[in-house]
Amino acid sequence: MSIHLEHYLIVGAILFSIGLYLALAKRNFIGVLMGIEMMFNAVNLTFIAFSRFVKSDQPLSAHVFVVFVITVAAAEAATALALAVMVYRTRDTINVDQIDLLKW
Amino acid sequence: MDSTGVIIAFYVLAAMTIGSAVSVVVVRNMIHAVMGLIGTFAGLAGLYVTLSADFIAITQILIYIGAISILFLFAIVLTPQASRNNQESFLRFPALVLALLVAGVLIFVALDNTWNLSHAPDFPETASTIGELLLKTYVLPFEIASVLLLVAVVGSIVLVRPEPVEED
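These protein sequence lines map, in sequence, to chains A and B.
Residues 1 to 104 (the numbering used here) are what the first sequence spells out, left to right.
Residues 1001 to 1168 (the numbering used here) are what the second sequence spells out, left to right.
Take the hints with a grain of salt, since some may be wrong.
Unchecked claim - Covered stretches of chain B, as calculated for chain A (at least 3 residues, CB under 8 Å):
hint, region
1, 1004–1012
2, 1047–1061
3, 1150–1156
No lab work stands behind these hints, which were simulated from the structure alone.
Virtual Cβ for every residue (Gly too), placed ideally from N, Cα, C.
Produce the entire structure from the sequences given, and follow the hints as far as they go.
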């Protein structure tokens, strides 16, 4: 018995689905952002697992890609949380069901 | 990947990751949800170590646990009443069905496919190779990422800054 690529892919798939559920079903905007971060992390885990187990000329390219994903995720989190704070200041709620000013 | 230690570590870390992720969904207080999120990030950092990705594991701890979780905590304490509530919206059941379908498809593909596996040993260390790749092959994306970070930082400061008071 040993640990193979499939084990990591299954953990990544479960984590991605939990993140997807959070992003779609949470009423709180910050909960939605947590789901998005979790999906980023699931994808990163899959990248690293492939880089470790799959044949490739330069397996560490996946690590570089993960570094970029983490950079973009950090930028996205900072901007989106600033937006959440601003929406709360102007509308006194961050419930995504109630932020419907543009809804026809 | 065959030693008993790695197998035990994998199952413990995978259980920690998935368990914390589930706790983010079920707890009712957003502060507790952030604690669950930190548990997920820490478990993933451990999984990276089992995959001999030392640089990424440290980056995960520094950026995700050290910075992004704290950012989430700040956003929660800056939005007082509204953010205590971690309820689901009316899309709960469609979202659950969709998430289960996605999980099913991904796991089916992972198990059904035959991957082009290599049997290379663990990477001895990754940081120096990653540094070389970043400054040689991927130097343009690296520079673009720095501009992106600058734009994000300036943008967030502009967004949350209080309205300047008129002085006259």
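Tested hints:
1. Closer than 8 Å: that is the beta-carbon criterion, and the region 1004–1012 of chain B has 3 residues meeting it against chain A, so the requirement of 3 holds.
2. Only residues whose beta carbon comes within less than 8 Å of a beta carbon in chain A count, and the region 1047–1061 of chain B has 10; three or more means the coverage holds.
3. With 5 residues having a Cβ less than 8 Å from any Cβ of chain A, the region 1150–1156 of chain B passes the three-residue criterion, so the hint holds.
Checked against the numbered hints listed earlier, the structure breaks none of them; every hint is satisfied.
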